[in-house]
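Trainee: Got chain V; can you put chain L on it based on the hints?
Read off the chains here:
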Amino acid sequence: MWCSRTALGRLQRIAPCTVTGHHRAMSALPKVYVTRRIPPDGLDILRKSGQVQFELWDSDDPVPRVELLNKVKGCDGILCVLTEKIDAQLLDVAGPNLKVLSTMSVGYDHLSLEELKKRGIRVGYTPEVLTDAVAELTVALLLATSRRLIEATHEAKTGGWGTWRTMWLCGHELANSTVGILGLGRIGVAIAERLKPFKVKKFIYTDVEPRTELANMINAEYVSLDELAKQSDFLAICCALTPETHGICNWNLFSKMKKNAIFINTSRGGVVNQEDLYEALSTGLIAGAGLDVTTPEPLPTHHPLYTLKNCVILPHIASASYTTRNAMSALAANNLLAGLRGEAMPKELKL
Amino acid sequence: MWCSRTALGRLQRIAPCTVTGHHRAMSALPKVYVTRRIPPDGLDILRKSGQVQFELWDSDDPVPRVELLNKVKGCDGILCVLTEKIDAQLLDVAGPNLKVLSTMSVGYDHLSLEELKKSLLIWACIFCRGIRVGYTPEVLTDAVAELTVALLLATSRRLIEATHEAKTGGWGTWRTMWLCGHELANSTVGILGLGRIGVAIAERLKPFKVKKFIYTDVEPRTELANMINAEYVSLDELAKQSDFLAICCALTPETHGICNWNLFSKMKKNAIFINTSRGGVVNQEDLYEALSTGLIAGAGLDVTTPEPLPTHHPLYTLKNCVILPHIASASYTTRNAMSALAANNLLAGLRGEAMPKELKL
Numbered sequence: 001m002w003c004s005r006t007a008l009g010r011l012q013r014i015a016p017c018t019v020t021g022h023h024r025a026m027s028a029l030p031k032v033y034v035t036r037r038i039p040p041d042g043l044d045i046l047r048k049s050g051q052v053q054f055e056l057w058d059s060d061d062p063v064p065r066v067e068l069l070n071k072v073k074g075c076d077g078i079l080c081v082l083t084e085k086i087d088a089q090l091l092d093v094a095g096p097n098l099k100v101l102s103t104m105s106v107g108y109d110h111l112s113l114e115e116l117k118k119r120g121i122r123v124g125y126t127p128e129v130l131t132d133a134v135a136e137l138t139v140a141l142l143l144a145t146s147r148r149l150i151e152a153t154h155e156a157k158t159g160g161w162g163t164w165r166t167m168w169l170c171g172h173e174l175a176n177s178t179v180g181i182l183g184l185g186r187i188g189v190a191i192a193e194r195l196k197p198f199k200v201k202k203f204i205y206t207d208v209e210p211r212t213e214l215a216n217m218i219n220a221e222y223v224s225l226d227e228l229a230k231q232s233d234f235l236a237i238c239c240a241l242t243p244e245t246h247g248i249c250n251w252n253l254f255s256k257m258k259k260n261a262i263f264i265n266t267s268r269g270g271v272v273n274q275e276d277l278y279e280a281l282s283t284g285l286i287a288g289a290g291l292d293v294t295t296p297e298p299l300p301t302h303h304p305l306y307t308l309k310n311c312v313i314l315p316h317i318a319s320a321s322y323t324t325r326n327a328m329s330a331l332a333a334n335n336l337l338a339g340l341r342g343e344a345m346p347k348e349l350k351l
Numbered sequence: 001m002w003c004s005r006t007a008l009g010r011l012q013r014i015a016p017c018t019v020t021g022h023h024r025a026m027s028a029l030p031k032v033y034v035t036r037r038i039p040p041d042g043l044d045i046l047r048k049s050g051q052v053q054f055e056l057w058d059s060d061d062p063v064p065r066v067e068l069l070n071k072v073k074g075c076d077g078i079l080c081v082l083t084e085k086i087d088a089q090l091l092d093v094a095g096p097n098l099k100v101l102s103t104m105s106v107g108y109d110h111l112s113l114e115e116l117k118k119s120l121l122i123w124a125c126i127f128c129r130g131i132r133v134g135y136t137p138e139v140l141t142d143a144v145a146e147l148t149v150a151l152l153l154a155t156s157r158r159l160i161e162a163t164h165e166a167k168t169g170g171w172g173t174w175r176t177m178w179l180c181g182h183e184l185a186n187s188t189v190g191i192l193g194l195g196r197i198g199v200a201i202a203e204r205l206k207p208f209k210v211k212k213f214i215y216t217d218v219e220p221r222t223e224l225a226n227m228i229n230a231e232y233v234s235l236d237e238l239a240k241q242s243d244f245l246a247i248c249c250a251l252t253p254e255t256h257g258i259c260n261w262n263l264f265s266k267m268k269k270n271a272i273f274i275n276t277s278r279g280g281v282v283n284q285e286d287l288y289e290a291l292s293t294g295l296i297a298g299a300g301l302d303v304t305t306p307e308p309l310p311t312h313h314p315l316y317t318l319k320n321c322v323i324l325p326h327i328a329s330a331s332y333t334t335r336n337a338m339s340a341l342a343a344n345n346l347l348a349g350l351r352g353e354a355m356p357k358e359l360k361l
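Protein chains in written order, with this note's numbering: chain V, 1 to 351; chain L, 1 to 361.
Incorrect hints may have been included.
List time: in silico EDC-like cross-link candidates among lysine to aspartate or glutamate, alpha-carbon distance up to 20 angstroms [as the list claims (entries may be wrong)]:
hint : chain 1 : residue 1 : chain 2 : residue 2
1    : V       : 201       : L       : 203
2    : L       : 117       : L       : 87
3    : V       : 309       : L       : 217
4    : L       : 240       : L       : 217
5    : L       : 211       : V       : 193
6    : L       : 206       : V       : 226
7    : L       : 209       : V       : 128
8    : V       : 199       : L       : 203
9    : V       : 201       : L       : 138
10   : V       : 196       : L       : 203
11   : L       : 167       : V       : 114
12   : V       : 196       : L       : 138
13   : V       : 157       : L       : 307
14   : L       : 319       : V       : 151
15   : V       : 309       : L       : 165
16   : V       : 73        : V       : 92
17   : L       : 167       : V       : 151
18   : V       : 259       : V       : 227
19   : V       : 230       : V       : 213
20   : V       : 258       : V       : 226
21   : V       : 350       : V       : 114
22   : L       : 167       : V       : 275
23   : V       : 259       : V       : 275
24   : V       : 258       : V       : 275
25   : L       : 211       : V       : 128
26   : V       : 202       : L       : 203
27   : L       : 319       : V       : 155
28   : L       : 212       : V       : 193
29   : L       : 206       : V       : 193
30   : V       : 157       : L       : 114
31   : L       : 209       : V       : 193
32   : L       : 268       : L       : 254
33   : L       : 99        : L       : 114
34   : V       : 157       : L       : 161
35   : V       : 157       : L       : 285
36   : V       : 199       : L       : 138
37   : L       : 167       : V       : 155
38   : L       : 118       : L       : 87
Just so you know, these hints were derived from the structure itself, not from any lab.
One chain only, chain V, in its complex shape (with noise of 0.2 angstroms):
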């Protein structure tokens, strides 16, 4: 269906998407899926590069499961993000031609890896290029939670900002604070080295083994789960989502926690459990909570979560900066066409 005019013509009917790729050089050109509206710096560098024909979805909403599995047939790569499940079922409707899966993310548990290495499929991600666009957005979520920006405005919206005084919407101060780090990667060192000239009195961590190196970086200390919860003033979690670490801030966790602390979760949804973090904030056992990531996302507007003054929830705008999207996207075109020509890719996540 590829070679031939006639499938062209029909192909360039089928909306939303775009195929590039000169028709006389077509059977040699690699074929690539683009399961979305990237960012242009990344379709810019896909265009000039002349290395692949590529189709589009090009739309800002995802590529329905149905038109995904079509479309990746026979591809040799795929340009995804983490809306879409790169599992056994569709690395199979792909069939053999594929080499290369190149994720728009940092995150990669919507990738089946077993899958992916069995296959022999090499992936391409995209860490460190969206780490400060994160760590800034993890502080900003924590001082809008700790010192309680939310209700703030909307108390000056609406009327309750009556004439100064003293101890209203009095917050909680990063001077002199502990601030715990759960997972201790890239990320994690970044916030850390965000928060310190607050005057931050001490930084401890924890995570599967210690991670010297990085730890040094940010003078923090090593200690188990339990000291983390206990004397954390702040708590941030920067872990990825693994089967180890999914459900890790329970009930076990929170009830261990300060009166006075603020939760931060910037990682991933499933490292949380909400029903137990709901009853942790409702009932005073922690101070507040800030969460960019949570089960599911989009988090339906019934969710209890929103009825608490003391949680403050994003839409999962971590890396949402102009300079670090189109970042992402030149990024992931990149590994995506280094893989192609079965180069080094700029990053490769070791399966």
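Mentor: Below, chain L alone, put in the same frame as chain V:
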């Protein structure tokens, strides 16, 4: 009136107020009026000192002007907050005993410094008002700098829009450019008015990979600027170069309305404007124009004119304007520290000693 039991009884029936001080030693102890129910640490210090007899407007809301003028008569000291105008009228009514004015704030635009300082010729005697003034700098720097950074990030990363979208059903599946904001990394941050608070803000912004700090002021502040490696520029250059502009100056006749169309029209289209100093520094009509026409990207305000800003004010209708109800120093630890410092300033002043933090008049 202070010395008789009948009067004391009368005072105690006037709510809400508290009178302290032993009856026998009452004529000896300096008399103090506290204009608000300040946080516990300060009140404890006054009570336990045994050095003053004080009356307290025991409420979270401001003391009415008439009551205030009545209560300050004959006082040796006044401990106030920023809602009380300490002007010629009040000082005249208070009378010649008044030695110390202690405000629980770092701002002093509510105090008539000229009046506090001046000499009076009364009858044949020369009275120097010479009232000493205590205030609360430094103890609130951390809280204010923290809140300023919080407000900057909430504005640049669109947190208010985002929480609203999540809560009201605007959150669909993940999209690549939805709710994108402006990052601090590789940006230029400008500070208008480089003092303790401006430096503290810059220190907190640095690890976000800010490329450059610039500032303007009435004159270079070399020592402070060196702490943050900031370059001194003109007001025009500050406007032209800043990706993020933080207003940190005191409100004076010179700075009143300094953030106006002249400033905004020189700023970048992506610029984020943050004010946690005083509302009077900003021309709010010009700011509304600048925001609604896309002349600048966004603004975050913790201070407005007036305060509270009435709910019908057009600035509330703008998605790119974040308004907080003057909470920069609102942390439990800081408000108690301000209260304690204000109390200690007052007591030291009444003893004729050096205050922990005295405002040079």
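Trainee: Evaluate each hint against the coordinates.
Mentor: These are the hints, each one checked on the structure:
| no. | hint | in the structure |
| --- | --- | --- |
| 1 | V:201 / L:203 | holds, 16 angstroms |
| 2 | L:117 / L:87 | holds, 11 angstroms |
| 3 | V:309 / L:217 | violated, 40 angstroms |
| 4 | L:240 / L:217 | holds, 16 angstroms |
| 5 | L:211 / V:193 | holds, 16 angstroms |
| 6 | L:206 / V:226 | violated, 33 angstroms |
| 7 | L:209 / V:128 | holds, 14 angstroms |
| 8 | V:199 / L:203 | holds, 10 angstroms |
| 9 | V:201 / L:138 | holds, 19 angstroms |
| 10 | V:196 / L:203 | holds, 10 angstroms |
| 11 | L:167 / V:114 | violated, 37 angstroms |
| 12 | V:196 / L:138 | holds, 19 angstroms |
| 13 | V:157 / L:307 | holds, 12 angstroms |
| 14 | L:319 / V:151 | holds, 16 angstroms |
| 15 | V:309 / L:165 | holds, 16 angstroms |
| 16 | V:73 / V:92 | holds, 9 angstroms |
| 17 | L:167 / V:151 | holds, 14 angstroms |
| 18 | V:259 / V:227 | holds, 15 angstroms |
| 19 | V:230 / V:213 | violated, 25 angstroms |
| 20 | V:258 / V:226 | holds, 12 angstroms |
| 21 | V:350 / V:114 | holds, 12 angstroms |
| 22 | L:167 / V:275 | holds, 18 angstroms |
| 23 | V:259 / V:275 | holds, 18 angstroms |
| 24 | V:258 / V:275 | holds, 19 angstroms |
| 25 | L:211 / V:128 | holds, 19 angstroms |
| 26 | V:202 / L:203 | holds, 18 angstroms |
| 27 | L:319 / V:155 | holds, 16 angstroms |
| 28 | L:212 / V:193 | holds, 18 angstroms |
| 29 | L:206 / V:193 | holds, 10 angstroms |
| 30 | V:157 / L:114 | violated, 37 angstroms |
| 31 | L:209 / V:193 | holds, 10 angstroms |
| 32 | L:268 / L:254 | violated, 24 angstroms |
| 33 | L:99 / L:114 | holds, 15 angstroms |
| 34 | V:157 / L:161 | holds, 14 angstroms |
| 35 | V:157 / L:285 | holds, 18 angstroms |
| 36 | V:199 / L:138 | holds, 14 angstroms |
| 37 | L:167 / V:155 | holds, 17 angstroms |
| 38 | L:118 / L:87 | holds, 12 angstroms |
Hints 3, 6, 11, 19, 30, 32 from the earlier list are contradicted by this structure; the remaining hints agree with it.
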